[in-house]
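2 protein chains.
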Amino acid sequence: MTRKRFDEMGCCVASALNEVGDWWSLLIVKQAMLGTRRYVDFQNSLGIAKNILCNRLSRLVENGVMVRVDVGEHGKRYEYRLTDKGRDLFTVVTALRQWSERWNGEQDSMKLVDRQTGEPLAPVTVQNQQGQPLTVRDVRFVDENGKPFEEAG
Amino acid sequence: MTRKRFDEMGCCVASALNEVGDWWSLLIVKQAMLGTRRYVDFQNSLGIAKNILCNRLSRLVENGVMVRVDVGEHGKRYEYRLTDKGRDLFTVVTALRQWSERWNGEQDSMKLVDRQTGEPLAPVTVQNQQGQPLTVRDVRFVDENGKPFEEAG
DNA sequence: CCACAATGGTTGCAAAACGAAACCAAATAA
DNA sequence: TTATTTGGTTTCGTTTTGCAACCATTGTGG
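Taken in sequence, the protein lines are chains H and G. Oh and the first sequence: position 115 is 556 in the working numbering, straight run, nothing missing. Oh and the second sequence: position 9 is 450 in the working numbering, straight run, nothing missing.
Source of the hints: derived by calculation from the structure; they are not laboratory data. Backbone N, C-alpha and C fix where the C-beta goes; we use that ideal spot for every residue, glycine too. Wrong hints could be hidden among the right ones.
[Unchecked claim] Label pairs and their in silico Cβ distance ranges:
(1) H/Lys588 to G/Gln548: 37 to 43 Å
(2) G/Gly488 to H/Glu547: 35 to 41 Å
(3) G/Gln548 to H/Lys517: 33 to 39 Å
(4) H/Gly572 to G/Arg478: 29 to 35 Å
(5) G/Ala490 to H/Val510: 38 to 44 Å
(6) G/Arg556 to H/Ala490: 42 to 48 Å
(7) G/Arg556 to H/Gly451: 21 to 27 Å
(8) H/Phe590 to G/Arg578: 35 to 41 Å
(9) G/Asn485 to H/Lys588: 16 to 22 Å
Based on the sequences and whatever the hints tell you, model everything.
Written out as structure tokens, the structure is:
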């Protein structure tokens, strides 16, 4: 009667959600992308309970999304930093952010801009090899033999 | 002592997660993108408990991600279909899927291809206005005045 | 018409996860 | 030495989850 696990569903989306699909993990990752690295800073900026934060950070480290680095500065002091795998969630987080901006209006004073030019980012889209944007209706789901996919996972 | 709500955090990512950030919602949306529309089909394909499915579908409808359509065919028969807002999650779901493929290897027999050409999709990336891909290190987080963002939400 | 099945739900219960606050321990600062 | 900062665990009450059983409406087969 444990909470259902998604790792055995044979679906990439499911196993991704198994790693970062709970209420807090992606928020922690997003906060890390803003530069937050220390335990207390995550706690204060997110308003998350300490035990939950502890649990999530451990799981993120287990899954290779973050690493815990000992920076012996004062007391017991560590930093939680994104790995390459964690930084690669930038697309997901940005897509989510833009989706929310599009459909729920601007509730956020923060903007993302190109560091070089200062210009806002382009909307994240799914594209084909030529860079043409594709909607869900422009794609087909096929199995490894190229046959249309019949409902499963 | 309810679960923490994210709608009041003043962060787009947080309010997006408030709508689709639980274990099941994005999976339901993904399944809908595969063509699933009926209650029983969601239940069978996802292996989700009926009460949870019911609850999640209601919330998705409330949030305008899906609509419930009465198709009076047999017994009480409804279809749950994605709205434009729901279909717009395609980017998020695809980014998640590709992330999982890249970092967890291929656990999925399903591929997405361009319906026109049959070619696989390009990797989803964050881009600037010129279409150049950007990593999280290539962007800056600024407030509405263009000043660097100081840690908050 | 009647029994029966299918669909879409709801209810009740036990197990697990969550949230808040208190407590704890290592290491440095005063 | 004492206090403080940091990171973490424990305890406990509430909420959520998962499962199974039950219910109601609208067909269909006989």
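Results for each hint:
Judged by the Cβ atoms, the range 37 to 43 Å given for H/Lys588 and G/Gln548 is violated: they are separated by roughly 19 Å. In this structure, G/Gly488 and H/Glu547 meet the distance hint of 35 to 41 Å, their C-beta atoms being roughly 38 Å apart. The hint said 33 to 39 Å for the Cβ distance between G/Gln548 and H/Lys517, and at roughly 38 Å that hint holds. Judged by the Cβ atoms, the range 29 to 35 Å given for H/Gly572 and G/Arg478 holds: they are separated by roughly 32 Å.
The hinted window of 38 to 44 Å between G/Ala490 and H/Val510 holds, with their beta carbons roughly 40 Å apart. The hinted window of 42 to 48 Å between G/Arg556 and H/Ala490 holds, with their beta carbons roughly 46 Å apart. Evaluation of the 21 to 27 Å hint for G/Arg556 and H/Gly451 yields a pass: the beta carbon distance comes to about 24 Å. Taken as a hint, the range 35 to 41 Å holds for the pair H/Phe590 and G/Arg578, whose Cβ atoms sit roughly 36 Å apart.
A C-beta distance of roughly 21 Å is found between G/Asn485 and H/Lys588, which places it inside the suggested range of 16 to 22 Å.
Comparing the model with each numbered hint stated earlier shows that hint 1 is the single one that does not hold.
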